[in-house]
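Sequence order for the protein chains is H and F. To get this note's numbering, take the position in the first sequence, counting from 1, and add 2. To get this note's numbering, take the position in the second sequence, counting from 1, and add 21.
Keep in mind that the hints are not guaranteed to be accurate.
[What the hints assert, rightly or not] Below, in silico cross-link-like pairs of lysine-lysine (DSS-like), each with a Cα-Cα straight-line distance of 27 Å or less: (1) F:LYS426 to H:LYS97; (2) H:LYS321 to H:LYS9; (3) F:LYS34 to H:LYS321.
Worth flagging that the hints you see were computed from the coordinates, not collected in a lab.
Residue-level listing of the chains:
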Amino acid sequence: MLSEIVKRELKRIVGEANASFAKEDLLCYSYDATNSPYLPDAVVFPSGAEEISLILKMANSEGFPVIPRGAGTGFSGGSLPVEGGVVVSTERMRKIIEIDTENLTALVEPGVVTWELQTEVEKLGLFYPPDPTSLKFSTIGGNIAECAGGPRAVKYGVTRDYVLGLEAVLPTGEIITTGVRTAKGVVGYDLTRLLVGSEGTLGIVTKAHLKLLPKPETTKTLLALFPDIKDAAKAVSAIIRAKVVPSTLEFIDSACIKVVEEHAKMDFSGAGAVLLIEADGSAESVEKEASTIEKICMESRASSVRAATGKYEVKDLWKARRAISPSLLKIRPDKINEDVVVPRASIPDLIAGIEDISKRHNLLIACFGHAGDGNIHVNVMYDKKNPVEAASAEDAVVEAFRLTLRLKGTISGEHGVGTTKSRFIEMELGPAVIDAMKRIKATLDPKGILNPGKIFPKANGPQKAGFAGAGK
Amino acid sequence: MRKLVELKYELDKCVKCGTCRSVCPTFRVLGRETACARGKLTLIDAYSSGAIGLSDAYLKHLKECTLCGACRDTCPKGVDTVAIYNAARVDAVQKLGAPVAASLVFKNLLESSKVMDAALKIATRLQGLIFKDATAESGLLSRFSLPVIGKGRLLPPLAREFFLETSEARGLPAPAKTGKAKVAFYAGCGVNYLMPDVGKASIEILKKAGADVFVPSAQVCCGMPAFASGDAAMARQMALKNLEVFEAFDCDYITTSCATCGHGLKHMFADVLSDNPELSSRIEAFSAKVIDINALLVNVLKYRSGGKETGGKLVTYHDPCHLNRAQNVRNEPRELLKSNKNIAFKEMAFPCSCCGLGGGLSLTNYDLSIEITERKIESIRASGADIVATACPGCMVQLRDGLHKYGVNARVAHVVELI
Ligand SMILES: Cc1cc2nc3c(=O)[nH]c(=O)nc-3n(C[C@H](O)[C@H](O)[C@H](O)COP(=O)(O)OP(=O)(O)OC[C@H]3O[C@@H](n4cnc5c(N)ncnc54)[C@H](O)[C@@H]3O)c2cc1C
Ligand code: SF4
Ligand code: SF4
Chain H
3 MLSEIVKREL KRIVGEANAS FAKEDLLCYS YDATNSPYLP DAVVFPSGAE EISLILKMAN
63 SEGFPVIPRG AGTGFSGGSL PVEGGVVVST ERMRKIIEID TENLTALVEP GVVTWELQTE
123 VEKLGLFYPP DPTSLKFSTI GGNIAECAGG PRAVKYGVTR DYVLGLEAVL PTGEIITTGV
183 RTAKGVVGYD LTRLLVGSEG TLGIVTKAHL KLLPKPETTK TLLALFPDIK DAAKAVSAII
243 RAKVVPSTLE FIDSACIKVV EEHAKMDFSG AGAVLLIEAD GSAESVEKEA STIEKICMES
303 RASSVRAATG KYEVKDLWKA RRAISPSLLK IRPDKINEDV VVPRASIPDL IAGIEDISKR
363 HNLLIACFGH AGDGNIHVNV MYDKKNPVEA ASAEDAVVEA FRLTLRLKGT ISGEHGVGTT
423 KSRFIEMELG PAVIDAMKRI KATLDPKGIL NPGKIFPKAN GPQKAGFAGA GK
Chain F
22 MRKLVELKYE LDKCVKCGTC RSVCPTFRVL GRETACARGK LTLIDAYSSG AIGLSDAYLK
82 HLKECTLCGA CRDTCPKGVD TVAIYNAARV DAVQKLGAPV AASLVFKNLL ESSKVMDAAL
142 KIATRLQGLI FKDATAESGL LSRFSLPVIG KGRLLPPLAR EFFLETSEAR GLPAPAKTGK
202 AKVAFYAGCG VNYLMPDVGK ASIEILKKAG ADVFVPSAQV CCGMPAFASG DAAMARQMAL
262 KNLEVFEAFD CDYITTSCAT CGHGLKHMFA DVLSDNPELS SRIEAFSAKV IDINALLVNV
322 LKYRSGGKET GGKLVTYHDP CHLNRAQNVR NEPRELLKSN KNIAFKEMAF PCSCCGLGGG
382 LSLTNYDLSI EITERKIESI RASGADIVAT ACPGCMVQLR DGLHKYGVNA RVAHVVELI
């Protein structure tokens, strides 16, 4: 609960119209894509670092939680006000401040939607590669805080690789600028990297200096159908082994294919798995790579490989690919969605292992994702209302985590820990590592006011958001 | 129609993924979660469960919506957002016993065409006195004799002679016995009161295309404006009246050059009359005959333009939400335009984004409505077109207003006027 004085002060800082305590507004800032709401006490829409700094200073003196929020599309509960408090929305901070075509950089506010930045830079022949599937509606700030990645990561890396520097407000209210404007820089600790992926627990990003690339001359999209899912997995490893670097290498299993066929009215003629592969670069190199990829797929027993023709087919294919995650809930009422990553060569082992888990628990597990970088979205489908199914679904997930770690992978490639994975991080990280992280947090945020209840497992804290539900 | 309580399962389908944030025109302008479908559904759900009441804030957010359906179209879960919004509006109007939006206005004006006629006739006569001339406001638009009122807003003048009174319409009281496709023409308020020329052009083209066209004179407002403002009872009366009027004739098709009326006739009638099972087969037969004029011309009558002069250089096309999304008619108007050898056609960016008029928004929140229009106008400007074709009088009014407001020198025309 906030005191009347705090409320009045918040209004004074951001302006009457940009602070709300009304139930109607609070309800709309209580959830993210995990679909497990917690009501905040206030939501504010600041215009920039100075206002956020004042809010954070007051949070320290008055002792209320502050929760940064972009578009609220996170899959791990990062923007949920699990302990109440003030949600700081970046929705008013949506300016692209500068696109520097000489140094190939952009300076943006955190509320800019990723796709809007991409559209603007592409008009200038430039390219901002990070492409989370949510790119049309998630924000740069959220992408930075979760270190979001997407299909292009296999060739171009993830958000982290494009953040040159940040303006951020520390939990105690100081406004800092991190990073450099140059290609190199080693003065002091790399605070930029510390903030990227910190899930809004170490600072609120208020401006981001991003790296851009020249836009690739052309892109070719291939669609390879495989009767047997294991052959598709092997083809992924074979492509990587052949030292071809496609710009995307997406894997879609038969359960997901079915959903896509229904949702997007597309025909994959009963394939057991599909690979959606893109090569980009100069026209010449693209043709060469595409034909190598095609050859490898055919050798790995693909039933057909063909190029998507025309802008519309490519667009439709991607639209269908993006719709998989939410559409999966059309086949079963609930799902637990995890984004595990294994070293790329281990993909066939992961797929085989998941198939085994699926059989043992008698649960449909739908897999798809960025196979090119070893990141597979594992969706355990079940019915929450059936307690037996619900219990075995949770067991299946834990087994999938164990399998992933056995294969030297990680339990989250993109979505982050937030509230949904905090009780599992001890499976992956040793006690000394967790302790080091906690000390960093305690140093920067001694009062624990910035986005509390995230990442670190709590002895007896709220654990309502058990698993990532909404799914990606 | 389905009541709000019956739509709980539909509300529960929303998984809060946020995809709808990428398409919502009101969210684009307002930039707040409460404006997009995910937020609205949350509020409607909270209201249904009693967590919030019929508060001003709730009603405000309900109204901040053009009912464009873009969220429904993009939702990967297939949540029927528009059905939920309509049910919520109807529910609010019933509970409040007062209009959410402008339902009172419609009640007085549209109840029967006679009342409306009388009211508008008087207004027409007064028009010269109360409306300023557009040319005084802006030389740019001197081609249009459109008056300007309040806030620099451009409203079309009422026609000197309403379409249903013109000789073109009155001369066609019933189908002739020609053996050709018998087509009943539904004018709708926009065409009847504001744009009789669109009605006349429609009749002319339909005749040219070989239809045996006629105009039932007793037709009344389709009820869509009343429905959008939550007045289902009013919409129901209008649906019933129109049903009776059109059933009196033996016809193969019922067509209209208004996207909104077409959507109303084809879908809303069945919705508001669904409480009476005895009507269901009648409604079904009626709805099956309703077809938008573009679709009728292309798919049934196989019409191609003979090469009409348009007086412009480059034509672009705006997709009305009620045609594109609600009736799945996208290619037909483009085909018609392209069939005219005198037309150079250019697609604008985001042709399907809402013009901003719908859902009663231009009445309840004009500033928001016209701000939504701005993006559309920017697309038009960037396309370089000097004629914007569309297929809905509502969109035409809004686009004219927007072009004027944002200073783009292009003319708005209905497809039927260009082919
Ligand atoms: C359909 C769908 C598909 C998705 N696909 C992908 C995918 O392919 N790859 C992927 O990586 N993710 C994906 N996601 C997850 C999600 O979109 C990303 O995590 C995204 O980066 C979240 O951005 P947001 O703006 O919604 O942030 P939010 O959900 O609002 O917040 C996420 C986290 O960032 C913090 N935060 C937000 N803004 C700031 C700021 N300015 N400063 C500091 N912290 C901040 C919040 O506190 C929170 O911890 C998907 C989600 C959905 C619904
Ligand atoms: S797109 Fe559909 S499921 Fe996703 S938040 Fe919007 S309404 Fe809900
Ligand atoms: S119908 Fe249109 S305006 Fe209304 S919420 Fe959906 S997208 Fe937004």
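Verification of the hints:
no.	hint	verdict
1	F:LYS426 to H:LYS97	holds (24 Å)
2	H:LYS321 to H:LYS9	violated (43 Å)
3	F:LYS34 to H:LYS321	holds (20 Å)
In the structure shown, a violation is registered for the earlier hint numbered 2 alone.
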